[in-house]
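Trainee: The residues making up each chain are set out below.
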Amino acid sequence: MDVLRITTSGSVDDGKSTLIGRLLYDTKSITQDKMEALQAASKRKGLDFTDLSLLTDGLIAEREQGITIDVAHIYFSTPNRKYIIADTPGHFEYTRNMVTGASTSQVSLILIDARKGIVEQTFRHFFIACMLRIPHLVVCINKMDLVEYDEARFNQIVEDFQQLLKGSFYENKTVQFVPVSSLYGENVVTKTDKISWYKDKPLLAYLEEISFDEDDRVHPARFPVQYVIRPKSEQYHDFRGFAGKVSSGSFHVGEEIVSLPNGQRSKIKTIEKFEEQRPSAHAGESVVITLEDEIDISRGNLLVTPNDIPEGRKEITAQICWMDQQKLTAGKTYLLQHGANRIKAKVQQLHNVVEVTTNVVHDKTEMGLNDIGKITLKTAQPVFTDTYAANPANGTFILVDEFSNATVAVGFVE
Amino acid sequence: MSSIQWQFPRALEDEAIYILRETAAQFERPAILFSGGKDSITLVRLAQKAFHPGKIPFPLLHVDTGHNFPETIQFRDWLVESLGLDLIVRNVQDSIDQGKVKEETGKYASRNALQTVTLLDAIEELKFDACIGGARRDEEKARAKERIFSVRDEFGQWNAKIQRPELFDMLNGKINIGENVRVFPISNWTELDVWNYIREENLAIPSIYFSHEREIIERDGMYWPYSEFLNTTEEEVPFRTKVRFRTVGDMTCTAAVLSEADKLEDIITEILAAKISERGARIDDKRSEAAMEKRKQAGYF
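As given, the protein sequences belong to chains A and B, one line each in that order. Under our numbering, think of the first position of the first sequence as 937, with each following residue one higher. Under our numbering, think of the first position of the second sequence as 5, with each following residue one higher.
Careful, some of the hints might be misleading.
Claimed, not checked - With beta-carbon atoms standing in for the labels, derived distance ranges:
{"#": "1", "chain 1": "A", "residue 1": "1104", "chain 2": "B", "residue 2": "266", "range": "53 to 59 Å"}
{"#": "2", "chain 1": "A", "residue 1": "1249", "chain 2": "B", "residue 2": "91", "range": "45 to 51 Å"}
{"#": "3", "chain 1": "A", "residue 1": "949", "chain 2": "B", "residue 2": "14", "range": "36 to 42 Å"}
Derived from the structure by calculation, the hints contain no laboratory data. Small disclaimer: the values here were computed from a predicted structure and weren't measured. In this text, a Cβ means the ideal position worked out from N, Cα and C, and glycines have one as well.
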């Protein structure tokens, strides 16, 4: 069974929580006790309708203020697929949480209020979807009931959005536009004649058909070693297995591998998952690999195939999103975490900061919370990355502050 | 839809194994928080898979409230014995005897909240820097907000407003001495995923999950298991009926559901049709809208 991960984004009050509530309600994923709790909470707040956003705003501070602060993960299933929705905050000050929620998603669902059209937040969300190269983009034009289900209004917003797509990562991809009314459940799960001019499928039917899992197989083979399994038991006296999750591509028994950074070579003897022997392992699978030869491999090493070996770099230029209250300091040393590897890295240069709503690039000397910009890092040892564009799974890293231990940035290698 | 057609999404198993290996690699002294319930049984299976053919590199820590179902304790001891695991037990009764916590009184008295203190003491005493728990984000709305590596301060407190961003699958387990991390490998699983996994993996579970006859009292529209630990009023007369449990908590705060389901297939069919959520049968969650968040702020897992 498939798992499809979606990130939803939209401005405050454009009906994001209602849309999620509607997806859950219409797929019968809200149980009676949760529904009753929602009704009671709505009543306590003096509302004359059931506020579905109370379903996802799980923190006291969120309910107090009526805003989403942090990512909530929400689940529902159809007989076809399991869905994980990362419901991310709409406010500018939580951009880092937006990136957090979006980072694991295959679909970016952007909500637009049909009355307002494209607003500042739309640009911000679109920028993040492009930066992360999220494979699929769905633009939901909501509150169609408030514009009398007007086809011309829908077409106008689509046209405006097409302008955004020009020159972006999405230009040559299929981007789906869906008109909906979350409040009345029009075109979310079921299609009604109110939007009869829309000939395509309702939102859920579209999500059901998205295919995504082929992408990783064409990428080069990468296996970061997480943990060495060395039982030293009577039964497995000489066993030495390398545990990890294939980050991209595929590995096969009998195939030659190269271990980085030392460049030593061997052949794959077995690929195992628990008591099962596998002929191969593909992107996303957690397995144990054993090799023909006794070569020196430990956590942080990267196994690759000889046909495509990433270059070890000691200087990395990357687009980063800064996620900490404390500003980025040029010349300061951070820990760079790439796969299972942690290396000291010094910020050599801060090139620029992007104004994400306008795409305007500024030369700046500092970078603060929620800023996105380009930097160059110098690392203590070579890092074996791909570029994010060529292979996202091996082209990202995080920066960790050595003193506060905080995750201060995410980087996309250029 | 037929429950048999419903397959467990194996991508979730790969993700959980990856998280367990990161935990073993990034921490000095991790432990699995084990209650004997279906989620922690699933964790044990995943840990077996993550480190096979090696041993599970974590001990199990059970915080025993003293009000557990006897069937669960029996199961716990059997599992530990048959898989050769290390089990550490710490008792809420000891915390009471030491005067660190006070037993609740009245009709709704439960030891559920008290176990946080025992847990935090155990973490300090045994110097655990990572505690692996079977919490799932679908259980409760505060849990839906928590990270997979959830950093807790030296008082075990969760601060939802300053959570570390968690990007892609990169987990940052760096902490200061005294702090600890709660690790949730099955965050992205739902109740149904756990049941399907148990079915597909053929895992043994405590007998109280299956339909059985038991002494029950009815209170507030729920079916409470009758035991010496439950404070009952004169009007609350126990009667025998066929029930099962959806979660394994304390006997004083876990309600039963009327059920004839005595096979995993039937349990799954029942859950698919259920109108009440899993934690709808947890009396501890009904205390207030933010019951779980408040418990987590205090150090609960």
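Trainee: If a hint holds in the structure, say so; if it doesn't, say that too.
Mentor: Status of the hints after comparison with the structure:
1. A:1104 with B:266: 53 to 59 Å: holds, 57 Å
2. A:1249 with B:91: 45 to 51 Å: The hinted range 45 to 51 Å holds for residue 1249 of chain A and residue 91 of chain B, with Cβ atoms some 47 Å apart.
3. A:949 with B:14: 36 to 42 Å: holds, 39 Å
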